[in-house]
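Enquirer: Let chain A serve as the given structure and place chain B on it in line with the hints.
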Amino acid sequence: MALDLRALGHKTWRTIASIQTGVVLLILVVILAAAGTVVLQRPATDPDEMQNAYSPQVLRFLDALGLTDVFHAWWFIGLLVLVSVTIIAASIDRFPNSWRYFSRPYKYPDESFRRSVRPQKSLAIADEETGLVAAERALHEMGFKPERVVRQNNFGIFAERHRISELAVYIVHASLLLIFFGTVVDGLWGWRGYLSLNEGQTSNLIDIHDGSTRTLPFSIRCDGAGQENYQDGSPKKWWSKLAVVQDGRDVQKKEIVVNDPLLYSGVRFYQASYGSNGKVDKFSLIATPSNGSGEKQEIGLTVNDSVPLDADTTVRFAEFFPDYAVRDGQVYKKSNYLENPAAHLVVTSKKAGKDFDVWFPPIEDVADNSKAPYQFQATDLKLGHYTGLQVSHEPGQWAVWSGVVLIGIGLACVFYVVHMRFWAVPVCDPKTGKCSLWIGGTANRNRDVFEQRFSDLVASVQKELKLVPRTSASEQIATFAGD
Amino acid sequence: MARAKVEQQQPATGMTLIVLVGLAIAFLLFMAFLNVVKSGNLLNETNFLFATLIFYAGAGALYLGFGVTGTQSYLKFASLSTWAGLVANTAAIAHRWYESGHAPFASVYEMLLSFVWTLAVLTLVAEKKYGVKVIGTVTMPVAIVGVVLMQLLRTDVHPLVPALQSTWLHVHVTLAMLAYAACALSFALAMMFLIQDNLKTETVLAVTSASTLAVYVSIVLTRFEKWGGLNLVAWNPEVKSEVFLSKGVRLFVVVPDLGWLMTLTLLVVASPLVFYGLARWKKNDSFLTLANRAVFLSILLQVMTLVMFVLRARDGRYSSLDADGLFPTTLAASPFILSGLVGGIFISLLYLLLLWRRPDLERSLPSADNLDRITYKTICLAFPLLTLMIASGAYWANQTWGSYWSWDPKETWAAITWLVYAGYLHMRITRGWRGRRAAYFAILGFAVVMFTFFGVTYLLPGLHAYA
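Protein chains in written order, with the working numbering: chain A, 1 to 483; chain B, 1 to 467.
Think of the hints as simulated: they come from the structure by calculation, not from any bench. Treat the hints with caution; some may be incorrect.
[Said to hold, decoys possible] Chain B side only, calculated, beta carbon under 8 Å to chain A, not exhaustive: (1) PRO409; (2) ILE416; (3) HIS426; (4) ARG431.
Predicted, not measured: the structure shown is a model, and the values here were computed from it. By construction, the Cβ of each residue, glycine as well, lies at the ideal position given by its N, Cα and C atoms.
Isolated chain A, as found in the complex (with noise of 0.2 Å):
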């Protein structure tokens, strides 16, 4: 019994770990994330949308499968969670085997090793000695650092490059689990929201998505926000100037724009649009007197304000209207976009017991504009402005992006750092005394580039066979064999 346990671990080990695991998973990971950028998603198209477009059986139908919510659906998620558990699975299993490799190189070549290895290639050589120095040179040259193998009976030359890149492969996998981490937790614990600030405004209470309210430990007041126009009219650039309040006191400040946001505590603030909220911030007039005897004058004035402009006639500015309309002789607000704005005055005159309605633009039937006593000219109307902010807390940032990084490095290391490994033996034949240098090579990639590397190493060394003189290499052999 327990030994059925064990083959069946091992065996649901071996599956986990297994390439084709990984692979159905993938397949299906690409399959559902199709269906979800086919099938309308949920938080992002609105109800009425969504309704249009299907039938209200399919949508049901859609809605129970969670196909229209897919990137959020618990099998989706549990899926990609899945395919992180045969990723680690997979490294497991394969990442011993790699690191011996990688933590004991292997430096001698056996006889049979020898035999198999390619490419490989045997010089004749005079001596033992003379060989190796040659084969040291050479390697030398080629910017490897050769290193002297003393076995018990035999001596060689061991030169390698690049170990590194044996592992690169984990890197890459490590740093894909960083990502996952890194989203894992901003999944958790990140949240994403909405803040709309008037010019002027304070506030600490975040829209969350989802519908409720976040309460920040610190609040956010906008000192500013503007637009500004290319010549054609669109948009060149949105800016908003916020201060971050805390225990009353201002303890950042910055000029946000697009691409470059606030950051505080963890929280980020994206210009995210910006826009007339309105309200009027200061409405310029000329007023000059109606019967023509006395002077203009300039007055600013807010909603509900109100200025005096003689002895006995006082103005107010008693409403705005962004965007208005006219039904029955009644001046409505239709919405609250600046479309079509009307702005009304109240100019009271003690002198004829009455008021009157000054209207801007004069409305037909509404505006009494030429019965009042003074005529307005109006010269600037400042508008309120709001931006709104995009709020976002991704505690699981870090990871991802130097998840990115590592990934880079990795991916680098993976497919242009090869790991390449050079041995030279002097073999001996005990009967003839003829002696004959075995070079051998591998590369874990780039086999053809290796190739043509290895036979410029083969014809280095024979160049160095060449060159170097018996008698030194006798004298090198007494020294080695004194040590």
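Expert: Structure of chain B alone, referenced to chain A:
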């Protein structure tokens, strides 16, 4: 029998085609020159683009000529023409960049400009460095279709909206273009591998006919209208944009009779596939001869359809079922139908090339092993680029919207592309997939890339609205 016939032919000297192409280029340049004299403005983008088109078209013809005859001298002139086209293309990019003040990546038009440029560069690299000589036969027509599409999608220089004013955008799009061009190259190499790997000519027949058929089936299924008309998107020439009834709903006009023509062509395009099926079913090769004749007929009909389509859809006012009155349309309103039609003809021509000149083609291509290896190397180049493209896009999105990943369709499809190529690499490295299977995988990867590039932009809604 056919093979013997090919070998009996005299080796062509090749002068005729070079002279013809040279004359055509000279003639077109002369026409362009007249135009320049009239307008008095030599160095503008339109002229550069026109020159690009002329030279790429010349190169395409010469590469095709090389593919057909195997004459080496064509190749030299083809490369020369590609170089000239590349110079003009570079000038067009530089001009655009100078005029707009930002790197040319902000619209489909500008991205095509960069894509075609990258494709031409990679073609020359593949030819000079790896000795894949006929690669231009595949890539140059793609470049030509790209330049033609550009003429249609040509937009005025728009200033960048705030979200696009970021260095990361340039990094992102440059990487995307490089990655996609590398994918295109791996696709072309995989196709050549299949030819060198003795993929049966009739299998190619089935695949090419099926792809052409798919083009016509999708056109007829989505656009056929009552009484044999064809639905085309209405175009407002003043604002140079489609006419929208409401947000996302385009107004269609019905062009009479084109629907019938499309249906007829569909039937003829389907016939090679039917004959192929019969040949397999009855095990009778005489049906294959019929199928090849049907391909020839289908090309004639496809060309006729294209001409009719261009004539009817280029301008003119047509009625609509959804609104009263007559509305204009133009080729720019139907870029996908147009590229589908051109692509269909091109695919069929490629098949004819293979049918007639297979031995010559095989002689001029590198060995199957080499092609397999170069395909793999191209994907080794494409994959890190794709990864960095996605990463830089995520970083940009994070800077702009406060979220690095929001599963919008373009993002999702970029991830799918990445996964497909990751699958290719895993199968190749750990399972030892080589040859055919790897080649099919590379072709699949490029199909996904094309969908991500075009399909998502036009078929699926999302944040990447600018592109």
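Enquirer: Please go over all the hints and tell whether each is borne out by the structure.
Expert: Evaluation of the provided hints:
Satisfaction of the interface hint for PRO409/B is found here, the shortest Cβ-Cβ separation to chain A being roughly 4 Å, below the 8 Å cut-off. Nearest Cβ of chain A to the Cβ of ILE416/B: about 5 Å, under the 8 Å cut. The hint holds. Given the 8 Å rule on beta carbons, the hint for HIS426/B holds: about 6 Å separates it from the nearest Cβ of chain A. Of the supplied interface hints, the one on ARG431/B holds, with its beta-carbon coming within about 6 Å of a beta-carbon of chain A, less than 8 Å.
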